[in-house]
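Please model the complete structure; the sequences and the hints are all you need to start from.
The lines below spell out each chain.
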Amino acid sequence: MNELLNNILFLPEQASTFAERVDNLHYFVVSVTMLSSLAVGTAAVFFFFRYRKRKPNQTTEYVVPSVKTEFLFVSLPLFFFLTWFVIGFRDFVFVSTPPKDAMDVYVMGKQWMWKFSYPEGPNGVNVLHVPANRPVRLLITSRDVLHSFFVPAFRIKMDAVPGRYTQTWFEATKPGTYQILCTEYCGLSHSKMLGEVVVLSPEEWDAWVKEQRKGALQNRQDALADLSLEPHPARMAEQGQKVAAEVGCFKCHTVNGEPHIGPTFLGMYGRTETLDTGRDIRVDEAWITQSMMDPGAHLVAGYPNVMPTFQGKLTGPQTAAIVEYIKTLRTPDIRTGASQGPTYEPIQ
Amino acid sequence: MQSSPATAGAAGVPYRPQVAAHFASLEVQNHAARLGMWLFLATEILLFAGLFVIYANYRFLFPEAFALASRELNLNFGTFNTLLLITSSFTAAMAVHYAKEAQNKKVVGMFVLTILMALGFLVVKYFEYEHKFHEHQLPGPYYAFPGLTLPGASAYFTIYFLSTGLHAFHVIIGMIVLGWVTLKAMRNEFSHHNYTAVELGSMYWHLVDLVWIFLFPMLYLI
Amino acid sequence: MSPSSSIAAEPGAVPAPDEHHEHHPSYLVDGTTVKSWLLTLDHKRIGVMYLIWVLLFFLIGGIYALVVRLELLTPGPTLIDAMTYNRAFTMHGVVMIFLFMIPAIPGAFGNFMLPLMLGAKDVAFPRLNLLSLYLLLTGAVIAIWGMINGGMDTGWTFYTPYSTHTTTTVAPILFGAFIIGFSSIATGLNFIVTTHTMRAPGITWWKMPLFVWAMYATACIQVLATPVLGLVLLLVVGEHIFHFGIFDPAQGGDPVLFQHLFWFYSHPAVYIMVLPAFGVMSEVVAAFSRKNIFGYRAVAFSSLGIAFVGFFAWGHHMFVSGQSTFNAGVFAVLTMLVGVFTAIKVFNWVGTVYKGAVDFKTPFAYFCGFLYFTVFGGMTGVAFATASLDVPWHDTYFVVAHFHFIMVGATIMAFMAAIHYWFPKMFGKMYHEGWGLVSAALIILGFNATFIPQFLLGNAGMPRRYYEYPERFETLNVASTAGASLLAFGFLISAIYLTYALVYGRRAASNPWRSRGYEWMTESPPPTHNFVGPQPTYSEEPHFYVEPKKAEVPDAV
Amino acid sequence: MSAMANESFKEDREMRQEHHSGPGKYVAIWIALMVLTVVTVVTGRMHFETGALALALVIASVKGALVALYFMHLAEHQGASRIVFVTSMLFVVLMLLFTLFDIGTRFRPALPSSSTPQEWPVSTPGQSGRYGGGLQAPGTNPK
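Protein chains in written order, with the working numbering: chain A, 1 to 348; chain B, 1 to 222; chain C, 1 to 557; chain D, 1 to 143.
FYI, nobody ran anything at the bench for these hints, they're computed from the structure. Each hint should be verified, as a subset may be incorrect.
What the hints assert, rightly or not - With a cut-off of at most 27 Å between alpha-carbon atoms, the simulated DSSO-like pairs for lysine-lysine come out as follows:
hint: 1; chain 1: C; residue 1: Lys207; chain 2: A; residue 2: Lys53
hint: 2; chain 1: D; residue 1: Lys25; chain 2: B; residue 2: Lys105
hint: 3; chain 1: B; residue 1: Lys106; chain 2: D; residue 2: Lys25
hint: 4; chain 1: A; residue 1: Lys55; chain 2: C; residue 2: Lys429
hint: 5; chain 1: A; residue 1: Lys55; chain 2: C; residue 2: Lys355
hint: 6; chain 1: A; residue 1: Lys210; chain 2: A; residue 2: Lys100
hint: 7; chain 1: A; residue 1: Lys68; chain 2: C; residue 2: Lys355
hint: 8; chain 1: C; residue 1: Lys429; chain 2: A; residue 2: Lys53
As the list claims (entries may be wrong) - From chain D, some residues computed to sit far from chain C (all C-beta separations above 12 Å):
hint: 9; residue: Val27
hint: 10; residue: Ala32
hint: 11; residue: Val42
hint: 12; residue: Gly51
hint: 13; residue: Tyr70
C-beta atoms are modelled at their ideal positions from N, C-alpha and C, and glycine is treated no differently.
Encoded structure:
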C-alpha cells in the first residue's frame with residue numbers, strides 16, 4: 001500500500017524516520033482532499049445538469065442556507081484542517097528538536113558546494129557520510145548567501161543562513177546513497193549545488209571514521225570531490241584558498257578590503273595599482289605570479305618590502321590555484337568576511 | 001501624490017467650493033476627501049511601522065549597544081526638536097480653527113509659523129547629522145566611531161539615519177503641502193463651507209508630528 | 001503628479017451638454033481623440049486602458065514563462081545559458097505578479113464595474129484613478145528598462161543577502177516595483193472611499209454586489225500591506241547601493257527579518273490577486289445559474305476574513321528559514337483559518353447552483369475551471385500549512401504548482417470569465433460562443449497538463465529555480481512543457497476571436513445574459529456618466545431572479 | 001449639479017457632528033503635550049533599570065492619542081476614519097508582536113552571532129572551538 005501510494009505520488013524512497021511520518025500525513029491529506037473534492041465536484045456537476053436552464057429569462061427560487069448548513073460549511077473543513085495541523089505540527093516539532101544523543105555534523109553551504117565537518121574531523125566536500133540508525137544533527141550555516149539543505153529521501157530541509165546556525169536532524173534508516181539538493185536560490189550555479197549523503201552501516205561507519213582520522217583517505221576524498229558536479233574554476237579557487245591559508249598568505253593579506261601588511265586580495269585582480277616606482281600597472285595573472293615568486297620586483301606603493309619569495313615553495317598548480325582564487329575575489333558579489341560562521345580549516 | 005486625495009475631492013474654484021459631478025453633495029465630497037486622507041495616513045503609518053519593526057528586532061538583539069548608542073545622540077537637540085514639532089502641530093490645528101471662522105489672515109499666520117518651525121526642525125536636524133558625520137557615527141560599513149564598538153552599534157545608526165531621514169523627507173513634503181494651502185489662504189479661499197484643504201494639510205502635518213512622538217523616545221531615550 | 005495637475009482644466013473628460021437628450025453616446029465614442037483617452041477621468045476608459053496594458057504585460061510575462069519552460073525541456077542546457085535562465089524566471093515572476101496579477105482585475109474590471117455596481121457616476125477620486133494608471137506605467141517602464149539593461153537574477157522574492165550582492169540590475173527593477181506599489185495604494189484607497197461614500201440609495205452594505213465586497217477587502221489589503229513592501233524594496237535598493245547592513249549578517253543584520261517584512265506584504269498580496277477573482281466568480285455563478293448567492297453574508301464576511309487573517313499567515317513561507325518553531329505553529333494555525341474561509345466560499349458557490357437555472361456559457365465554463373483550481377490549489381495550500389509537509393515541499397516544484405493553481409489558475413480563470421462576461425457590457429459587442437468554449441477547454445486542459453506534472457516533480461523533490469536538473473525528472477518536465485504550449489495555444493485562440501469580436505463582432509444586446517447584477521441596470525456600453533435620465537433604483541439585492549421586472553432591465557433581444 | 005443621491009448620508013452625518021469650540025481646547029492639549037515631553041525626557045534621563053522603554057512608549061502613546069483625538073479631530077469624527085486609524089495601529093502592533101515572537105523564541109544560534117558574543121562559549125568539550133561556533137555542546141559526540 002505504502003509502496004503503491006509512493007509510486008502514484010512520485011515520492012522518493014523513504015530513508016529516514018521523519019520520512020515515514022511525513023508520508024503518513026501526506027497520504028491522509030491526499031486521500032481526504034481527493035474524496036472531498038470528488039464530493040464537491042460530483043455535487044457541482046450534478047447541479048449543473050439537474051438545474052440547467054430550461055427557458056430564457058427563467059426565474060428561480062430564493063434559496064438561502066440555514067444556520068445549520070453554514071455551521072456545517074465552517075465546521076467540517078475546520079475539523080479536518082485542525083486535525084492535520086495537530087499531526088503536522090507534532091511532526092514539525094519532531095524534526096525541529098534533535099534528540100539529545102544526536103551526533104553533530106556541521107554543514108556549510110557556499111556558492112556552490114556543500115562542506116561537511118565532524119567535530120573531531122574529518123571534513124568532506126559535497127559528500128556527507130553518516131551512520132545508519134543513529135540520529136544526526138546538522139548545524140547548518142553559509143559562507144555567502146542563503147542556501148537550503150534538502151535531502152528528498154529523508155524529507156528534511158533547512159535553510160543555510162550566513163552568519164548563524166540553523167539546525168535540523170534525521171535518522172537514516174537504511175544504508176545507501178541519497179542526493180542532496182540546494183533549494184534556496186543562490187546564484188548562477190544554484191542547480192549545480194548538489195551533493196550526496198552516504199549512509200553507512202555501523203561497522204562501515206566505524207571503519208570509515210577510523211580511516212579518515214588517520215588521514216589515509218584524504219586523497220580519496222579529494223578525488224571524490226574532484227569528480228563532483230562543481231565547475232572547474234571554482235574548484236581551483238577553492239584549492240587556491242586552501243593553499244593560501246596553508247602557506248600563510250592571510251597573515252599579511254586580507255580578503256575583506258582592508259589593507260594590512262600587504263595589499264588586500266579583495267578586488268586585486270583587474271585593479272590598477274600604483275607601484276613604488278610611480279608606474280601604474282593593471283593587476284593580471286602575470287603580475288600576481290611574479291609577486292609571489294619575486295615580491296620585491298614590482299612593489300605596490302605604500303607597502304614595505306617584507307614578503308618572502310614563494311619560489312620553490314609552491315608548485316605550479318598551487319600557484320595557479322592561488323591566482324584563480326584571487327581572481328574570484330574580483331567581483332562584489334563574492335562575499336568575504338560576511339559570515340560570522342565557522343572558519344573551516346583543512347585537515348592536515 | 002500626497003496632495004492628491006486632498007485636491008481630488010475639492011474642485012478648486014475660488015471662494016465657493018463646487019461639488020464634482022459624481023458626488024451627491026458637498027458634504028459627501030468632503031467626507032470622501034477626509035476618508036481618503038485617513039487611508040493615506042494609514043499607509044504612512046504602515047510605512048513607518050516597517051522601520052519600527054526593524055528597530056524593535058535589533059533592539060531586542062542588541063540591547064546594550066542600542067542603549068549606549070542612543071546616549072551618543074544629543075538629547076537637548078532632540079528635546080528641542082520635539083517641543084518645536086509639537087508646537088508646530090498646535091499652530092496647524094489653530095489654522096484649521098481659524099479656517100472654519102473664515103479668518104484667512106490668521107490661517108496664513110499660523111501656517112507660516114508652522115512652516116518656520118518645520119524649517120527650524122530641519123536646521124537642528126542638520127546640525128545633529130553634521131555632528132554624527134563628524135564622529136563617524138554612520139550607518140553600517142561607514143561606522144567608524146572608536147568610542148563604541150559593540151556589535152549592533154552600527155545597526156543603531158543605520159536605523160537612526162533611515163528613520164530620521166524618512167521622517168525629515170516627510171517634513172519637507174509637509175512643508176510643501178502647507179505652503180500650497182497657505183497660498184490658497186492668501187487668496188481668501190477658506191470659510192466654514194470650505195476648509196477641507198486646510199484640514200487635510202494640517203492632518204498630514206499632525207501625522208509627521210505623531211511619527212516623531214514615537215521616534216523620539218525610541219531613538220533618544222532608551 | 002503632472003498628469004493630475006495638467007488635467008485639472010481639461011474639459012475633454014466632461015462632455016459638453018448633449019442636444020439629443022435621449023441619445024447619449026456611449027463612453028467609447030464620447031470623444032475620439034487620443035487625448036480624450038489618455039487624459040480621461042472616466043473610470044470606464046481608465047478601466048479599458050488598464051485592460052489593454054495588463055494584457056500587454058501578461059504577454060510579456062507569458063513569453064518569459066515559455067522561455068523558462070522551453071529551457072526545462074531537457075535536463076541539461078537547452079536554449080539559453082544559466083544566467084539568462086535565472087533572469088528569465090525572475091522576470092516572469094516580477095512581470096506576472098507586479099504588472100499583471102495585482103493590477104489586472106482591480107485595475108481593469110474593478111475600475112470599470114465598481115462605480116456601475118454602486119450606482120455611482122465615477123470613483124471618488126477620478127484624478128487619483130488616472131494617476132494610478134500612470135504610476136503603474138511609470139513603474140513598468142522603469143522596471144522593463146532594467147530588464148532590458150541587464151535584468152535581475154534574484155527570483156521575484158528578492159531574498160537578501162543574494163539580492164543585495166548580485167551584480168545584476170536590481171535597483172531599477174525594485175524601484176519600478178516600488179512605484180507600482182504607489183499605483184496599487186492609489187487604486188485601493190480610491191475603491192475604499194468609493195464604497196464608503198458613493199453608494200446609491202438602496203445599496204446598503206448588505207446589498208452590495210459580492211464583487212464590490214471582494215474589491216473592498218482587496219483594497220484594504222492594498223492600503224495596509226503595500227507601504228511595508230515599499231519600505232522593504234527601498235531598503236534592499238539602499239543595501240544594494242550603499243551596503244547599510246540592515247539585513248546583512250556580516251553587520252549583525254538578520255536576513256530572516258527581511259523575509260518577515262517581505263512576506264508581510266507578499267503573502268497578503270496573494271489575496272490581492274485572488275480575492276478579486278473570488279468576487280468575479282461570485283457574480284458569474286449568480287448570473288449564469290440565475291440565482292441569488294447562497295449564503296451571501298457568509299461569502300462577504302469570508303472575503304473580509306481572508307483579508308484579515310491572510311495578513312497574519314505570512315510565516316508559512318518561512319517554516320524552514322530558521323524561524324522559531326513556536327512562530328511556525330502560530331502561523332500554521334492562522335493559515336488554516338484562511339483555508340476555512342476559502343472553503344466557505346467554495347461551498348456557497350456550489351450551493352448557489354442548487355435549484356438554479358444553469359446557462360453553460362463561456363464564463364460559466366471558466367467558473368468550472370476556477371472551482372477546480374480553487375479546490376485543489378486551496379487544499380494543497382492547507383497541506384502546506386501543516387508545517388511538517390512543508391518541510392519536503394518547500395521551494396520545490398510542488399510550491400510552484402500550488403501557487404500556479406490557486407493564485408494564477410483561479411485568477412486567470414476569473415480574468416477570462418470577467419472578459420467574457422463583461423465583454424458586451426464594456427464594448428457592446430458579442431464574441432463567438434463556440435470558440436469561447438473551445439478556448440476555455442484548451443486553457444483549462446493546458447493548465448492542468450502544465451502544472452499537474454509539476455506537483456509530481458515537487459513530490460519527487462525537484463527544487464524550483466533549477467536551470468539543470470537530474471535526469472530522472474525529465475519525463476515530467478517534458479509533459480509540463482507540452483502542457484504549457486497547449487495553454488499558450490488556448491490563449492492565442494481567445495486573443496484571436498476576442499480581437500475579431502471587438503472589430504467585427506455583432507452588436508450585443510444591452511443585457512445579453514439577462515443578468516440582474518447591478519452593473520447591467522444601465523445601457524451597454526454605458527454612457528459617459530453611467531446613467532441617462534433618472535438614477536436606477538436598487539430596491540432588490542443584486543442577482544435577484546425570483547420575479548422578473550422587465551421594466552428595469554432594458555432588454556432588446 | 002445632478003440629482004445623485006447617496007446611501008451614505010447617515011454615515012456622513014455621523015462624521016459631521018463637529019463642535020466648533022474655541023482655541024482653548026487646542027491650547028490645553030498643546031500644554032499637555034509639552035508637559036508630557038518634559039516628563040518623558042526627565043524619566044528617560046534617569047535610565048531606569050526596568051520599564052524605561054515601556055514608560056517611554058506609554059507616554060508616547062498618550063501623546064499620540066492626544067494628537068490623533070484632538071488635533072486630528074478623531075474624537076469628533078466617528079465611523080470609518082476611526083476604524084481606519086485603529087486598524088492601522090492594530091496591524092502595526094501585530095506585525096511587531098509576530099516578528100518579536102520569532103526572535104524571542106528562535107533557536108539561539110540562529111540569531112545574529114555577534115549579538116550576544118559573551119554568552120557564546122567559544123569552545124565546548126569535544127569541539128575545541130575549531131569549528132567555530134561556540135554552540136551548546138550536544139549530549140554526546142561519537143568517539
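Going through the hints against the structure:
{"no.": "1", "hint": "Lys207/C / Lys53/A", "in the structure": "26 Å, holds"}
{"no.": "2", "hint": "Lys25/D / Lys105/B", "in the structure": "21 Å, holds"}
{"no.": "3", "hint": "Lys106/B / Lys25/D", "in the structure": "18 Å, holds"}
{"no.": "4", "hint": "Lys55/A / Lys429/C", "in the structure": "24 Å, holds"}
{"no.": "5", "hint": "Lys55/A / Lys355/C", "in the structure": "14 Å, holds"}
{"no.": "6", "hint": "Lys210/A / Lys100/A", "in the structure": "24 Å, holds"}
{"no.": "7", "hint": "Lys68/A / Lys355/C", "in the structure": "19 Å, holds"}
{"no.": "8", "hint": "Lys429/C / Lys53/A", "in the structure": "23 Å, holds"}
{"no.": "9", "hint": "Val27", "in the structure": "33 Å, holds"}
{"no.": "10", "hint": "Ala32", "in the structure": "30 Å, holds"}
{"no.": "11", "hint": "Val42", "in the structure": "32 Å, holds"}
{"no.": "12", "hint": "Gly51", "in the structure": "25 Å, holds"}
{"no.": "13", "hint": "Tyr70", "in the structure": "24 Å, holds"}
Checked against the numbered hints listed earlier, the structure breaks none of them; every hint is satisfied.
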